[in-house]
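Residue numbers (my numbering), protein chains in the order written: chain A, 265 to 613; chain B, 3 to 270; chain C, 21 to 369.
Everything labelled a hint here was simulated from the structure, so no lab data went into it. You may find that some hints are simply not true.
[Unchecked claim] List of simulated lysine-lysine pairs, DSSO-like, C-alpha gap at most 30 Å:
(1) Lys155(C) with Lys609(A)
(2) Lys91(C) with Lys203(C)
(3) Lys421(A) with Lys605(A)
(4) Lys421(A) with Lys609(A)
(5) Lys265(B) with Lys421(A)
(6) Lys193(C) with Lys203(C)
(7) Lys155(C) with Lys133(C)
(8) Lys269(C) with Lys293(C)
(9) Lys421(A) with Lys193(C)
(10) Lys265(B) with Lys609(A)
(11) Lys91(C) with Lys605(A)
(12) Lys155(C) with Lys605(A)
(13) Lys396(A) with Lys605(A)
(14) Lys155(C) with Lys193(C)
(15) Lys96(B) with Lys605(A)
(16) Lys155(C) with Lys91(C)
[Unchecked claim] Label-pair restraints from in silico Cβ distances:
(17) Leu203(B) with Gly429(A): 18 to 24 Å
(18) Ala299(C) with Met430(A): 53 to 59 Å
(19) Met430(A) with Pro192(B): 54 to 60 Å
(20) Gly429(A) with Asp219(C): 34 to 40 Å
[Claimed, not checked] To be clear about the criterion: a stretch of chain A counts as covered by chain C if any three or more of its residues have a C-beta under 8 Å from a C-beta of chain C, and this derived list gives those stretches:
(21) 500-508
(22) 522-535
Backbone N, C-alpha and C fix where the C-beta goes; we use that ideal spot for every residue, glycine too.
The lines below spell out each chain.
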Amino acid sequence: MTRLTRAFGRPLALLILLFASLWILGLIAAPQVIMIEQSLWRMERPEGSAEISVRIDGLYNQLDVLALDRSAVEAEADASIRAQKLDTSDVALAALEAEIAGLEATESTPVKVYTLANFAQMGSAHFAIFLKTIVASLAVTAIALAVCYPIAFAVAKLETPQRAGMIMLALVIPYAINELLRIFAWQMILNYNGPVNALLGLFGVEPIPFLESGTGVFVAMVYAYILFMVFPLYNVLETLDSNQIEAARDLGASSWRIHTRVVIPHARPGIAVGCIMTFMLSAGSYAVPYIMTRGTAAPWFTQLIYNRFFEATNWNVGAAYALSLLVICTLFIFVMMRLLKVSLKDIAK
Amino acid sequence: MSHTGMGSNLVLRIYMALFFAYMFLPLGVMLVAGFSDYSPPSITVWRGGTLRWFSELWADERMWSGLTNSLIIAVAVILLSLPMGLSGALLLSKLGGRAGGVLYAVMVSPLLTPGLIIGISTVIFWRHLGAAAGLVTAILAQSAFIASYAMLMFMARLQRLDNTLQEAALDLGATQAQAFRRITLPFLRPTVVTATVIAFLQSFENYNTTIFSIGGQHTLVTEIGARMRFGMSPMINAIGILFILVTLIGAVIWGVLRQRERKLEDLR
Amino acid sequence: MTGQTTGMEIELRRSEVRFGSFQAVQPTDLRIAPGEFFSILGPSGCGKTTLLRLLSGFLDPTAGDVLIGGKSMVGTGPSDRPTALIFQNLALFPLMSVLENVAFGLEMRGWSKVRRRARAMELLETVALTEQAGKLPAQLSGGQKQRVAIARALAVEPAVLLLDEPLSALDLKLRQHMRAELKQIQARTGITFVYITHDQGEALTMSDRIAVMNHGRIVQIGTPDEVYDHPDAAFSATFVGEMNVFDGKVAAGADGFARIDTRLGQFRATNPKRLADGATTLMFVRPERMRLLDAAGVAENRLAAVVQRRDLEGAYSTLTLQAQDQVLTVHLQHLGGADQLAGGGDAGF
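The following block holds chain A by itself, in its conformation from the complex (with noise of 0.2 Å):
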C-alpha cells in the first residue's frame, strides 16, 4: 500500500486499489466461494423428523379421544355442567390442535444442511457422462497438438517473416467469425443429407448419421478450438533461435531428434498454454453439442449442469457438478504445469 502510495499519490493508489478489488473480490472470488458454498449444502427435512411423525400421529390419535368425550359430554343433561365441560373440552382440544400444527410445521420447514450428497447425486449414469466428457475432451486436445506443430513449425521456422505475418492473418478470419456460426456450418456439413455424405453416397457408401452418433461434436470441438493451440505454439516457436536447430544438425541429429531434444523442449510453454485451452474449452463447451447433436446424441456434461440450472432448477446439485467440472481443468492445469515444467507466469502469454 505504501509502495502504491509512493508510486501514484494516495487518490489514484486508492482508485486502484477500489477498481482491482471490485474484479478480484466482487467478480472473481465471491462468485466462486458462494458457488463452491452452494454445491456443498441442500435443504433437508430436519433431523428426527421421523419421531415427530410418530408424534403426530399419537398426537392425532388424543385428538380423536378427546373429540369423542366431547360428544359424550354433549349428552350430558345439566346445561351448566354440560357448558363448563364442553369449554375445558374445547380448550383442550384447542391445545392439542396447535401443538399438532407447529409439529408439522417443523417436520415439512426443510432446513439447510452441508453435505456432500450434492456430489452423491451424480449417480452412475451421469458420472459415465462426466468421464465420457473428459475423455473425449483429452482426445481433442490430442489431435489439436498433433494436427497444429507442424503447422506452427512450418510457418515459424521455414516461412519468411511477413509471409508468417500473413498466413497468421489469414488463419484469424475463421476464428473471428462467431463460434456458433462456425459450428452451424458443420452441422450441415456433416447432416444425414449433407455434402459429405452426398459425396461417400458416389462412392456408395451408405449415409452415415455423424451427428446423431456424436462425431459430429468430436468434429466440430477439434475445428472451433484448433486455433487456440495453432497460436500458442506460433508464437513459442517464433522465439526459437533458427541456429539452435542448424546447431544441433550440425552435430549429427536427425530430424526427429531436432524435434525431440531441440523444438519441444523450446516450446514447452506453448504446448502447455494450446493443451490447458483446448481442453477446458472442450470440456467446458455448451455450444457445441448443444447445436451438433439437438438431442440426438447423448449429451455432453455441460449439457447436464445446463438442466440442473435451467430445467430441474437444482441449483444446489448444478453447482456441484460445475464444481466438479471445475476441479478437473484445474487438475489438467496442475498435470501440465507440472509435466512441461512450466510456472503459471510461463503460461499467460
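Chain A is already provided as a structure; the job is to place chains B and C on it using the hints.
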C-alpha cells in the same frame, strides 16, 4: 538449395494447404447456404439464389433487440474491464514476491476457467444478494474474464515502460498523479486501443458465459443459438455471411492501418 | 577413445552462390591446407558467412564443387560432413546442462550414456570447465560459454572446425585471451580451422593465412605479414589497418620500385603490380611508417604538413596533419613526455 530437405518441405506445404482448406471450408458452406433458396439450409440441394434470408433477418425484431443488448453489454464491459485490468496490472507492477504471485494467479484464473462456470457463479452470487439474472449479471460475468485479457496486455506494456521517465517527471516537480497522467497513460494509449477492440470482440461474440448468466434476456449471439435449436432457418447463414463481411472489412482496415504505421516509422 | 584427429584439406573449385539475382559468392578457387589456421576477413555482407555455410553444408554451391579431404561434399548435409561449426551467437542449447551440450553430438552418434559422459568430461577438462558441468549455459560467463561451444564442437572430432566470429560478443581483454586459447587448441589438435571475422586484429594475430574478401570475391590471400605489409589490392590495403592514400601517376616505373608524382611531390614506392610509366595509381602509406623530421634532413619521401591535433592512444599517439588539401594520419611511438609539437613541421617516411 539448403539442406532442410526439399521433399519434406513439399509435404509440409501440402499439409498446410489442407489445413487451410479445413479452416475455411465451413465459411464457404455458409456463403453458399446463405444465398440458397432452400430451407432447411443445405448445400446439396440448390433451388436458385435468393436474398430472402437477408430481408427476413432485417425484419426480425428479436435479432435487433439482441444486437442492441449485445452493444449495451459490450460498452459496459469495456468501461468496467479496462479500468479493472489496468488497476490489476499497476498493482502487480508494484507488488513483488509471494503476494504478487498469488494475486497474479487469481487474476489470470478466469482465463483458465470454463466460461460457463464464470456465468453460473456470478448468477448464484447475485441471487444471494437478491438480484435476478439479466443484462447486469451478464456484464459482470463477462468483465470477470475480459479484465484478465486487459490485465495481461497492460502488464506486457508496463514492463517496457522506462521507470526513469516517471522519475524524471517527479524530479521536475510533477506530482505522482501528474506523472501518471502525462507519462504513463500516454505510453499505455496504444494498449488501451487494442484492449478496447479485444474486449469488444470478446464480449460481443461470447456465448458460453453469457448463456449461463443472462437469465431471461438475450444477446444477438444467444438469440442465434436459440434459433439453431428451434427450427433451422437459412437466416442463420445470412448472419454468418454478414459476420464474414464485417471480419474481412476489419482485417483489411487493420492491415491498412498497420501498413500506414510502418510507413510512418520508416519516415522517422 | 578415438585417437587424435588430424585436419583435412579443403578445396573450392569455381564455387559460387547465387540467391536469385544476387551473387553472394563469386566463382572462387581456394585451397586450405590440412591443419592450417585460415581466416576469412571482410566487412559484413561480403559473403564470408555464405562461404562458411558452403563449407559446413547448410548450403550447396549454385555452381562449382566443394571438397573436404579430397571428397566432393556437394549434396552431403551438415550432419554427415567432417566439419563442426561454432556459431556467432554460439547456439548453446539453453535447456541442456553444459555436460549435455558437450555430449549432444556423441548422443546423436549413438554413444552410450556412460561413454559420452566420460568423453564430455574429458573435453570439459581441457577447457577447464569440469566444475560447471551441471550448470545451464545461462549461468555461465561469456568466456565460459565460448569454451563450452568449443568443447561441444570438438566432441564430434571434426577434421575441420568452422568458426563464425565467435569472439565478437566478448570484451577486449577476454577476446585477447580467447585468441591465444583458440590458437593453442588448434596447435594441439591439428584440426583445420576456418575462422570468419571482420576484425583484422583477430585475423592477423591467429592466422597462418588470411583471405581478404569483398563483394563476394577473395581479393587477396597471404600470410598476415604479406597482407599487412604488401597488400596487393586497394581494398585489402585500406581494410586491413589504417592507410594514408595519395593519388598519383607513375613517373619512373622499375622492377620492385617506382617514382610516383603526386600533388604533394614525388615519392619513391614499391611497385608490386609492376606498373608502367604514366599509369595513374594510388599510393598507400601506413601511419606508423611516417616520421616527423626537422626542417633539414633526408631529401627523399618528404612532404610538408601542419600538425592539427594530437591524440594520445596509449602506446602511441595519433597526429592529424594537414598537407595542402589532404589530411594525413601519423602514429608516433609514445615514449613519455608531451612532444613539443605545437603546430607546423615536416613529415617524412
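Item to check | Violated hints - listed by number, lowest first | outcome: 9, 10, 11, 16 and 19
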